[in-house]
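Chains as they are written, first to last, in our numbering: chain A, 3 to 394; chain B, 2 to 394.
Everything labelled a hint here was simulated from the structure, so no lab data went into it. Incorrect hints may have been included.
[Unchecked claim] Here are the simulated distance ranges between beta carbons:
(1) B:Thr-176 <-> A:Gly-288: 14 to 22 Å
(2) B:Arg-42 <-> A:Trp-339: 57 to 65 Å
(3) B:Ile-17 <-> A:Asp-152: 45 to 53 Å
(4) A:Thr-362 <-> B:Leu-123: 32 to 40 Å
(5) A:Leu-349 <-> B:Arg-222: 49 to 57 Å
(6) A:Leu-167 <-> B:Leu-36: 38 to 46 Å
(7) A:Leu-167 <-> B:Asp-348: 24 to 32 Å
(8) A:Trp-339 <-> B:Leu-172: 24 to 32 Å
(9) B:Arg-42 <-> A:Gln-95: 36 to 44 Å
[Unchecked claim] Covered by chain B, according to a simulated footprint, are these stretches of chain A (three or more residues, beta-carbon under 8 Å):
(10) 108-115
(11) 372-379
Just so you know, even glycine gets a beta-carbon here, dropped at the ideal spot from N, CA and C.
Chain by chain, the residues:
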Amino acid sequence: MILQGLFDVLFNGLSIGAVLLIAALGLAIVFGLMGVINLAHGELMMLGAYTTFIVQNAFKPLADTPLFGLYIFVALVAAFLVAAVMGLFLERQVIRYLYGRPLETLLATWGVSLILRQFVRSVGGSMAIGLVLFSLLFWGGQALLRRRPDWNQLQGRALAVLLPLSGAIALVASFLLNGQPALAKPWFSARNIDVTAPGWLRGGLNFAGLQFPTARLFIIALTLVCLAGVYWFLQRSAWGLRIRAVTQNREMSACLGIPTDTVDALTFALGSGLAGVAGCAVTLLGSVGPNLGANYIVDAFMVVVVGGVGKLVGSVVAAIAIGTLTYLLGSGNVPLWMTQLNLTESLKPLFDFFSFFATTSMAKVMVFALIIVFLQIKPAGLFPQKGRGAEI
Amino acid sequence: MTATAPTRPNQSKAWIKEVALVGGFALVFAVLIPLLIPVSRLQILGRFLSLAIVALGIDLVWGYTGLLSLGHGIFFALGGYALAMNLSLQLPKDVIPEFFGLYGVEDLPAFWEPFKSMPFTLLAVFVIPAAIAGLLGYVVFRNRIRGVYFSILTQAALVVFFNFFNGQQKLINGTNGLKTASAQLFGANVGSEGVQFKLYILTIVLLMGAYGLCRWLTSGRFGRLLIAIRDDEPRVRFSGYDPTAFKVLVFGMSGAIAGVAGALYTVQSGIVSPQYMDIAFSIEMVIWVAVGGRGTLVGAVLGALLVNWARVLLSERFPEVWLFFQGALFLIVVTVLPDGIIGWFRDGGINKARAFLGFPPKSRTFPAVDLDENIQREREMVDAAPPASGESR
Chain A
3 MILQGLFDVL FNGLSIGAVL LIAALGLAIV FGLMGVINLA HGELMMLGAY
53 TTFIVQNAFK PLADTPLFGL YIFVALVAAF LVAAVMGLFL ERQVIRYLYG
103 RPLETLLATW GVSLILRQFV RSVGGSMAIG LVLFSLLFWG GQALLRRRPD
153 WNQLQGRALA VLLPLSGAIA LVASFLLNGQ PALAKPWFSA RNIDVTAPGW
203 LRGGLNFAGL QFPTARLFII ALTLVCLAGV YWFLQRSAWG LRIRAVTQNR
253 EMSACLGIPT DTVDALTFAL GSGLAGVAGC AVTLLGSVGP NLGANYIVDA
303 FMVVVVGGVG KLVGSVVAAI AIGTLTYLLG SGNVPLWMTQ LNLTESLKPL
353 FDFFSFFATT SMAKVMVFAL IIVFLQIKPA GLFPQKGRGA EI
Chain B
2 MTATAPTRPN QSKAWIKEVA LVGGFALVFA VLIPLLIPVS RLQILGRFLS
52 LAIVALGIDL VWGYTGLLSL GHGIFFALGG YALAMNLSLQ LPKDVIPEFF
102 GLYGVEDLPA FWEPFKSMPF TLLAVFVIPA AIAGLLGYVV FRNRIRGVYF
152 SILTQAALVV FFNFFNGQQK LINGTNGLKT ASAQLFGANV GSEGVQFKLY
202 ILTIVLLMGA YGLCRWLTSG RFGRLLIAIR DDEPRVRFSG YDPTAFKVLV
252 FGMSGAIAGV AGALYTVQSG IVSPQYMDIA FSIEMVIWVA VGGRGTLVGA
302 VLGALLVNWA RVLLSERFPE VWLFFQGALF LIVVTVLPDG IIGWFRDGGI
352 NKARAFLGFP PKSRTFPAVD LDENIQRERE MVDAAPPASG ESR
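Could you build all of it, start to finish, from the sequences and the hints given here?
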């Protein structure tokens, strides 16, 4: 009985850890390599989840053929691309100006996350048209004016005219289009959306009297693939080498001809893309909504902090440890075992203690307390960076 | 301020001017505005003013000491809970608050007992948040964890407190929170207009008090030390100071201020619930300070009032737009207005804006003097003294 319970804890801990890890992987890369706190990471996950939803709907005509089961792979790629493009846009437009000011970056990305959250709630035909119109007018106008020889003096004034003007035109246009019911209706609205997992991911494997849900196994496998991919990219590819070089010494890398700007953009896009993959993965666990990101972001940050910045292996160990601990405490297995072993009477305070923390939210309280204690012993995480450049 | 009492005449004049200005504003809020708007609106204004008190606390830790706390909701809510617990206990002897019956609790939990006494509660409103803040600060700062790590840990602490208060129905009524509107305070109903007006005046008085406290803390040697910690902490340490102690102290102070604000906010909105520990709410507090101008106390108050006023205006008419607006506010403040509104005006923002748009800067003196490049260069060489506050945060 207890052995079975232990297996149960191990498997569930591992699967929670895998979800945490896949959510934290992109964060670890962006935070570890660039020192940027991306509070919009959860919202990039949410974008990945919504992309999965769209891809699934696009596959609806194939619903009766075996091909439908493969939509998840298309969705994974699509989610990666959508989130990566969004991340690239974010980096180029906002974060680029904030390097070296981590607290400001944190606030700016929070602003982005608020906007994204409201965006999926209220995006509809008219709003999409308005956005396209705005981009055309704003960036198109800039591109036109850039040809003028006196662009440098004109720049500020052009921005001050173009931004309100194109914004106003786009707003008026989308307000007018809102008269059409078909265009005014939001695509997703604030409701949660449900992604039906493909047939082969439903159900589970039976092994030694235990049920292993296939979706969870799939997420574990996906996490392993992502981990291997990121490891290969960072350690074995030319761009990975450049990324690591910039991480260690930005000035020296720039002197040696590494385009640090491109490296930053690439790193951020990679981290964002991984968030998209994570978002696609969590759709298999239940319905998702605009607030999906908020559920994961704090836990994911805890993984990065405990693991130590800049080392992937730290994130892996931390994710599994936090996942297992959360499940062990929250599932109420410990008091159950104690009753089975007749330890309830002799260890009454311990029993009360574990019963008190035997819900998911209370388990989080306990895990956080343990993290704080852990940071007293190892303030820089499990695998801290060493050397002169290391500073937390 | 007795130790560093202003000696030079122009300094003491500035001092008197500031006191007069603050007092004047307080009088306008306390006397003039109640004549103009009904009590229901006054209640909203009172809430904003109590939020301005938290903003002062955040400015103290972020604007002056460079510690970005994303967890001030904890202290805010703790202050609110302390007062709300006392108000829920204004019952006949041996009767426990009604909600306990819903969960089958028959005896008052032990930690509720001391809140029966009013003096204890009034103390607890700021001592408990200060103690929690101090403890959290101590375990974090002791290990020289700082910067974004500190921010993330405060946010995680916030989530933890939220989970705790949200999950413990048998102890503190969980999600539903504690209602104070129908409670009795000194024989009068807390929700009644008379009490609400008195609370409004009390909020103004305490806001002034908090302003005075922060002004006093930030103007003397202590304040300069805080700024030094913000700008270059290792150097402060090498100069023989222990930044940890100062950071713990200032974080505790800020927690206490937030606790007082939370208590005022609670009695003026009639309820305290775990929603006060929402992640978004705590980050919003930071943006109030950032909009007004961090590192300036007036800015914190101004920002809190402005942003909340905008929220009421926008979310009443177009609830959808508010989040877009708030997000844009974060982006704009960070990229275009890093020193907020007050900082922008102090830096000659109008001239900068004119220069950005390609117009010559407006000049108060003879234009040729200000625009002549040679004269400007000479001037820059003369006052090449380093700026008072550093650039890097």
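Inset, instruction - Find the hints from earlier in the document that the structure breaks and name them by number, from lowest to highest. - result: The structure conflicts with no hint, since it agrees with every one listed earlier.
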